Amino acid sequence: MTLLKQQIVKEKDPDEKEKMQRLLTSMTSRAQTRKATEKRRELVRGWKKSEAELVKKGKKPFFLKKGKVFLRVRVGLRIDHGFGDVKRLELVEKFKQLGEKDIDKALQKRRKKNASREHRFMPYKRRSAE
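For what it's worth, the working numbering labels the leading residue of the sequence shown as 1, then goes sequentially.
By construction, these hints were calculated from the structure, which means they are not laboratory data.
Don't take each hint at face value.
[Claimed, not checked] In the BS3-like style, the derived pairs of lysine-lysine whose C-alpha atoms are separated by at most 25 Å in a straight line are:
hint	residue 1	residue 2
1	Lys-49	Lys-35
2	Lys-49	Lys-65
3	Lys-105	Lys-125
4	Lys-94	Lys-112
5	Lys-48	Lys-87
6	Lys-87	Lys-39
7	Lys-65	Lys-94
8	Lys-109	Lys-96
[What the hints assert, rightly or not] Pairwise CB distance ranges, derived in the manner of DEER restraints:
hint	residue 1	residue 2	range
9	Lys-109	Arg-40	14 to 24 Å
10	Pro-123	Val-55	46 to 56 Å
11	Arg-40	Lys-113	18 to 28 Å
12	Lys-125	Lys-59	52 to 62 Å
13	Thr-33	Arg-111	54 to 64 Å
14	Arg-126	Lys-59	56 to 66 Å
Just so it is clear, the structure is predicted and the values come from calculations on it, not from any experiment.
Virtual Cβ for every residue (Gly too), placed ideally from N, Cα, C.
Turn these sequences into a full structure, and let the hints guide you.
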């Protein structure tokens, strides 16, 4: 990818440059997707390993689902999205890595996003002819 970046800088033809830029974007996107998939697999692998040990001790097995889940990260926080246990594990891991200020920023951003989404679907106020 670094070689491609250098070629983009050196390239004179705008069409060829744009083509290379799209290729670079595609490559970085694939790399990010691959990294996220591997991280998800690691989380699931760790979950299954710990769950298997608990089952050996006599606990009833719990299998990760893809259904709707409520997530509680901190007291008073309830995030309801249409995602399953794997996504919930990812979010918990993400929030563990963030600091206190970063968590507040992320939550504020999420609230703002949800508020704008709700606002979009609100019906317009009708004016009556009086």
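Structure-based check of each hint:
1. In summary, the hint linking Lys-49 to Lys-35 is supported, as the alpha carbons are separated by about 21 Å, within the 25 Å threshold.
2. A C-alpha spacing of about 16 Å is found between Lys-49 and Lys-65, which places the hinted pair at or below 25 Å, so the restraint holds.
3. Restraint check for Lys-105 and Lys-125: the C-alpha separation of about 32 Å exceeds 25 Å, so the hint is violated.
4. Proposed proximity of Lys-94 and Lys-112 is supported: the alpha carbons are some 19 Å apart, at most 25 Å.
5. The straight-line distance between the Cα atoms of Lys-48 and Lys-87 is roughly 15 Å, inside the 25 Å bound, and the hint therefore holds.
6. Under the criterion of a C-alpha separation no larger than 25 Å, the hint pairing Lys-87 with Lys-39 is consistent with the structure, at around 11 Å.
7. Our distance criterion of 25 Å between C-alpha atoms is met by Lys-65 and Lys-94, whose separation comes to about 19 Å.
8. Only pairs whose Cα atoms come within 25 Å are accepted, and Lys-109 paired with Lys-96 is accepted, the gap being roughly 17 Å.
9. A hinted range of 14 to 24 Å holds for the C-beta pair Lys-109 and Arg-40, which are about 22 Å apart.
10. The hinted window of 46 to 56 Å between Pro-123 and Val-55 holds, with their beta carbons roughly 51 Å apart.
11. Restraint check, Arg-40 to Lys-113: a C-beta distance of roughly 23 Å satisfies the suggested window 18 to 28 Å.
12. Separated by about 55 Å at the C-beta atoms, Lys-125 and Lys-59 satisfy the suggested range of 52 to 62 Å.
13. A hinted range of 54 to 64 Å is violated for the C-beta pair Thr-33 and Arg-111, which are about 28 Å apart.
14. At about 57 Å, the CB distance of Arg-126 to Lys-59 agrees with the hint of 56 to 66 Å.
When the structure is compared with the earlier hints, violations turn up for hints 3, 13 and for no others.
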